[in-house]
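Below are the chains, spelled out letter by letter.
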Amino acid sequence: VNVQHTRTWRAPVTRRTLMQQMAGGLLAIVATRGRASRAPAHQVARSAPAPAAPQPGPVVSFFLDQPYVDTSGLGVPYLPPRGLRAGQPLAALGQQEFRSIAPHG
Amino acid sequence: MVDFADVSTKVGYFAPERFEGEVLDCEVQGKVPKDLDGTFFRVGGDWLYPPRFADDAVLNSDGYISAFRFHDGIVDYKGRYVRTKRFEADRAAKRQLYGYYRNPYTDDPSVRDPSRPNLRTVSNTAPLIHAGKLFTLKEDGLPHRIDPLTLETLGVWDFEGAWQSQTFTAHPKLDPVSGEMVAFGYEATGLATNDVFIYTLDKHGKVTHEIRTKTPYLTMLHDVALTQKHFVIPMCGYVTSTDRLREGKIHWGWDPSKPAYIGVLSRTGDGKDVRWFKGPQRCMMHTFNAYTKGDKVVLHAPFWDGNFFPFFPNVDGSAWDPKLARAFIRRITLDLKSKNDTWMEEILFPFQVVDLGKVDPRFLTVEHRYGFTSFPDPKRPFDEARAGNIKGRVTNCYGRFDFAAGKFDSYFAGDTHSLQECSFVPHPGSREEGDGYLIGVASNYAEMRSELIIADARNLAAGDVARVILPFRSTAQVHGIWASAQELS
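First to last, the protein sequences are chains A and B. Counting in the working numbering, the first sequence runs without a single skipped number right up to 105 at its last residue. Counting in the working numbering, the second sequence runs without a single skipped number right up to 489 at its last residue.
Calculated directly from the structure, the hints in this document are not laboratory data. You can take every hint at face value.
The following label-pair restraints were derived from C-beta to C-beta distances:
| hint | chain 1 | residue 1 | chain 2 | residue 2 | range |
| --- | --- | --- | --- | --- | --- |
| 1 | A | GLN66 | B | ARG212 | 30 to 38 Å |
| 2 | A | GLN66 | B | HIS209 | 35 to 43 Å |
| 3 | A | GLN66 | B | GLN164 | 32 to 40 Å |
| 4 | B | ALA319 | A | GLN66 | 15 to 23 Å |
| 5 | A | GLN66 | B | SER410 | 17 to 25 Å |
| 6 | A | GLN66 | B | ARG116 | 23 to 31 Å |
Note that the Cβ used here is the ideal one computed from N, Cα and C, for glycine as well.
Construct all of the structure, not just a fragment, from the sequences and the given hints.
The structure is reproduced here in structure tokens:
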């Protein structure tokens, strides 16, 4: 959906990225002004001209019982429990682990 | 092909559901009281297609109405999308055509029409029952009439041509004494206009009175309050303009330099008598109730200290500040005889609540004692391993707040739960304020399902008397209402 957007800056925070960062225990999302970059974070970091002071990037945080994109990067990241989105990550789970996460799954 | 993978907030419990369906004779824990005879209607949003912009407001998702129907201790459930013009256009295109929340300039060219912004409403905010008809509402468009049994969308309703505003509030006020409804529309003459039209409708749904007025500055008018004599309009620092919208921004920004105002006008006047009281920065979204006592108007409202919508950015470029996103139950007294154009404000309970407040509907517009709302109690247990790292950030309690005595009673939903807005259901035949049930849906983040809570409103600490278990996540509601079988017959 982000690629349709060209008028104003918006920081794309993708679920794929979120999942990567959840796995790595780090939430650092690439945001650019203008055209959105869809390159993985590590590739963008490699091609950066010089190391600069880390800038906070958008994070998915949680407020009033809903996640939201915190563009300031100051929010506490929201980490949902594993295996609970459309069944997709469940494939990697063993039967016992699956039942413990989603007993009514 | 539908792909939500780029929408980072649609994870876990918040993944879109995208189905319609019904459950007959729902599973119940406890015993559903047999005197509950009627329907609990809920309206919220659920994305049929992914939003065009990942950081769009959740308030922009497609309208969805659900109903828990109670009869003789049995509960049936049904849920359907509201068939708005927008929903049907997206369905035909098989993708999301509409851009940011209330910004038609960001729409696909095939549907872009800033001259008729009300045609892009998603009707996802609140249900309404008046004069025997059921509607879904959103403040940027007209009501959609819904069949109360099938939940089919019957079409847009303009009160047989008598409603002249392009918009209709999500919070019309019902007067239980006269049966009248007083409702309004803002941005009434088009996008980013400063016109407010206020209408009184009799108990048959006929328009009997119209007031046209303007606000001190163009802003969101989400909720109001009604007394037996006065119409009360709180407004605060959300701002917009045609320039802002043409720049492709989301409809509202928060301007912390803007003062809050509360307007008071006669229900039967022509709008020339509106008196604007001015106060400090507040974010005034929802109200409990108001009443007129002598020369004073008393308003009970769970207002916020500042901007509480993280997706409506501050216009000065500063980061959204969660420390200002705190709501307290406030009593605001507006003295109509005073030459001082501000109000007296008291915080009645010294802890944060969620601003989705309700009262016993039989006491709307008149002096009342109790208010009900949800609140986060960080001292209660939360199972982060099963429900996510949001301990201290979930709304886990309902409260009955005694505004006269300063006491409260609370209900705790469970250690993997958060609570959506509650509704008060009076005991049939009872006239005592607060005698009834408190009902509302809990999200069980661990079990990935919705549970309808039914509690005795006079003894919340005793826990629920029954839970209706849905074997799935029912679309999160924004607002809900109870309608007795009699009201719908």
